[in-house]
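Q: Could you slot chain L onto chain B? The hints should help.
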Amino acid sequence: MAVVEGSTANVPTAAIVEAIAAAQRRRKLSYQLIFAATWVVLIGAIVLALTTRFDWAFLGKWWQFILAGAEVTVELTVCSIILACVLAVLGALGRLSPNPVANGIASLYVSLIRGTPLLVQIFVWAFGLAELGLVLPLFWAGVIALGVNYGAYMTEIFRAGIQAVPRGQREAAEALGMPERLIMRRIVMPQAIRIVIPAIGNDFIAMIKDTSLVIVIGIQELLFRAQSAGRQTINIMEATLFAAVVYWILTLFFSYLEQHLERRMARSDR
Amino acid sequence: MELGDVIVSATGIEKYFGDNHVLRGVTLEVRQHETVMLIGRSGSGKTTMLRCMNFLEEPTVGSVRIGDITVDADPLHARSRAHRERIRRLRVRAGMVFQDFNLFPHMTVLQNCIEGPTRVKGVPRDEAIAIADRYLEKVQMIDKRDEYPSRLSGGQKQRAAIARALSMDPQVLMFDEPTSALDPELVGEVLSVMKELAHEGSTMIVVSHEMQFCREAADRVVFMEDGVVVEQGPPEQVLDAPQQEATRQFLRRFLDA
Chain B
980 MAVVEGSTAN VPTAAIVEAI AAAQRRRKLS YQLIFAATWV VLIGAIVLAL
1030 TTRFDWAFLG KWWQFILAGA EVTVELTVCS IILACVLAVL GALGRLSPNP
1080 VANGIASLYV SLIRGTPLLV QIFVWAFGLA ELGLVLPLFW AGVIALGVNY
1130 GAYMTEIFRA GIQAVPRGQR EAAEALGMPE RLIMRRIVMP QAIRIVIPAI
1180 GNDFIAMIKD TSLVIVIGIQ ELLFRAQSAG RQTINIMEAT LFAAVVYWIL
1230 TLFFSYLEQH LERRMARSDR
Chain L
136 MELGDVIVSA TGIEKYFGDN HVLRGVTLEV RQHETVMLIG RSGSGKTTML
186 RCMNFLEEPT VGSVRIGDIT VDADPLHARS RAHRERIRRL RVRAGMVFQD
236 FNLFPHMTVL QNCIEGPTRV KGVPRDEAIA IADRYLEKVQ MIDKRDEYPS
286 RLSGGQKQRA AIARALSMDP QVLMFDEPTS ALDPELVGEV LSVMKELAHE
336 GSTMIVVSHE MQFCREAADR VVFMEDGVVV EQGPPEQVLD APQQEATRQF
386 LRRFLDA
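Chains as they are written, first to last, in the working numbering: chain B, 980 to 1249; chain L, 136 to 392.
I should point out that these hints are in silico values taken from the structure, not numbers from a laboratory.
Note that this is a predicted model, so its numbers are computed, not measured.
Built from N, CA and C at the ideal position, the CB exists for glycine as well.
Any given hint could be a false lead.
Some but not every residue of chain L turned toward chain B, in silico, with C-beta under 10 Å [what the hints assert, rightly or not]:
1) Arg-186
2) Arg-226
3) Met-231
4) Gln-234
5) Asn-237
6) Leu-238
7) Gly-251
8) Lys-256
9) Val-258
10) Pro-259
11) Ala-300
12) Val-365
Chain B side only, calculated, beta carbon under 8 Å to chain L, not exhaustive [stated by the list, open to error]:
13) Gln-1148
14) Ala-1151
15) Ala-1154
16) Gln-1170
17) Val-1224
The shape of chain B in the complex, shown without the other chains (with noise of 0.2 Å):
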């Protein structure tokens, strides 16, 4: 199609919006090609430095040694985002309750737990709780940790959550005759929990690499198989950067589960 430079006058509506919209696509491809292999240069830039004296002999050996470490690492994680998900809900009711000894406990749980650092705590379930006779399996000690503290946190996303969805709402479910129980359960939960995905898909890619942590209680997760493969032969650089690859990739793989349950929820939304 002939086009006089610099006008339009004579080029039908048509075919002016078509060259827009092919301008558009060469433009989001070529923007997409340049994201692509900017990601390429740098990661390989970053392989080369960090590998240039690499024992790949050694990973040959004990690369699905340290890998099978993922699955407790993805076990922690998901056990202990339920727990902290049911501590979240608790919690965010204690504190939204006009009740003050609801509201105190579930005020001190927060501030405890927020206030401490998640290390200590590690420590004081594991070792703290055995010196008082009660000696819990040192996974499940690690869950409670995580899912203790990461509890105290969600409790305040839970709160602002259930505060986020509107007083109409409440309203309309009571106009209806609606017992309180009910309202929470059937109306205000299930809008609460859509405001609050992305928040809590956030805290579990945050947990995923926290649960590293608890090596210091000799979980033999991830990182404690990657060390503990290291140091045979001296080869610690070589383990911890697998791992950190390893806790990558399932933070890739967790974030686009997240993403699509996003989506997938916001269909109904307004």
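A: Same frame as chain B, now just chain L:
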């Protein structure tokens, strides 16, 4: 339609918000099949009065009877279990339609309509669906029954909200400025549904500024100002031959606007 017995009576309702004396002793009786319209400028207390009648606001003083349930205002024990339960039973007898629709966004239109009947009244699901379908048909929303509210226009949302209120088979329907949040071209479809309900003998209390609707559908108009009922009567009397100066002023300003 011939009016029946008094089915709703709110007696001596007073309401304070802090020091602000919003309702100063309002008594309102509504008979079966009657459509009563509450008018007055904003701040006159008409919306507060309506919300007091199903205890969305707890009155400071007064009592409300709907059908066989009477609840006395008890602001000092507003949280007590027995009081909450009485209020809940009162609310089951009153359907409420809000200015902002307040449909449940995570439920389809049909699910909105059966939530109350199945969960509150214990109506079996099939039966609740049959009832809801009948009312969705009436408000011409049957083809949207499986849509989520986000996909509806304002007028459709409000008609769905009316169907939700009707599905509880309430003894009285309360409308709180049902067309105020709508684009002008969508007001008509909601008003025509309300008109039809009024003509078929629903008992209705309507807070609204729609004077045309008032003339065509209301049996009685109640004009409120500063928290009291100033004047009431049939629409042609109150709107065309108001007895009180306050009513005349309101109507003059309103018709000018």
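Q: Now look at each hint and say whether the structure bears it out.
A: Against the structure, the hints come out as follows:
1. Given hint, L:Arg-186 at the interface with chain B, holds; its Cβ is 9 Å from that chain's nearest Cβ, closer than 10 Å.
2. Contact between L:Arg-226 and chain B, as hinted, is supported at the beta carbon level, the nearest pair being about 4 Å apart and thus within 10 Å.
3. Among the interface hints, the one on L:Met-231 holds; its C-beta lies about 4 Å from the nearest C-beta in chain B, closer than the 10 Å criterion.
4. At a threshold of 10 Å, the smallest CB-CB gap from L:Gln-234 to chain B is about 9 Å, leaving the interface hint in force.
5. For the restraint placing L:Asn-237 at the interface with chain B, the shortest Cβ-Cβ distance is roughly 4 Å, inside the 10 Å limit, so the hint holds.
6. Satisfaction of the interface hint for L:Leu-238 is found here, the shortest Cβ-Cβ separation to chain B being roughly 8 Å, below the 10 Å cut-off.
7. Evaluation of the L:Gly-251 hint against chain B yields a held restraint, the C-beta minimum of about 4 Å falling below 10 Å.
8. Nearest Cβ of chain B to the Cβ of L:Lys-256: about 8 Å, under the 10 Å cut. The hint holds.
9. Interface hint at L:Val-258: violated, since its Cβ lies 12 Å from the closest Cβ of chain B, which is beyond the 10 Å cut-off.
10. Hint on L:Pro-259 is violated. Least Cβ distance to chain B is approximately 17 Å, over the 10 Å limit.
11. The restraint placing L:Ala-300 at the interface with chain B holds, with a minimum CB-CB distance near 8 Å, inside the 10 Å limit.
12. Hint on L:Val-365 is violated. Least Cβ distance to chain B is approximately 28 Å, over the 10 Å limit.
13. The criterion of a C-beta within 8 Å of any C-beta in chain L is met by B:Gln-1148, whose closest approach is roughly 6 Å, and the hint holds.
14. Here the hint on B:Ala-1151 is kept, as its CB sits about 4 Å from the closest CB of chain L, short of 8 Å.
15. At about 4 Å, the closest approach between the beta carbon of B:Ala-1154 and any beta carbon in chain L falls short of 8 Å, and the interface hint on this residue holds.
16. Restraint check, B:Gln-1170 versus chain L: the minimum CB separation of about 6 Å is within 8 Å; hint holds.
17. This hint is violated: B:Val-1224 has a C-beta 39 Å from the nearest C-beta of chain L, more than the 8 Å allowed.
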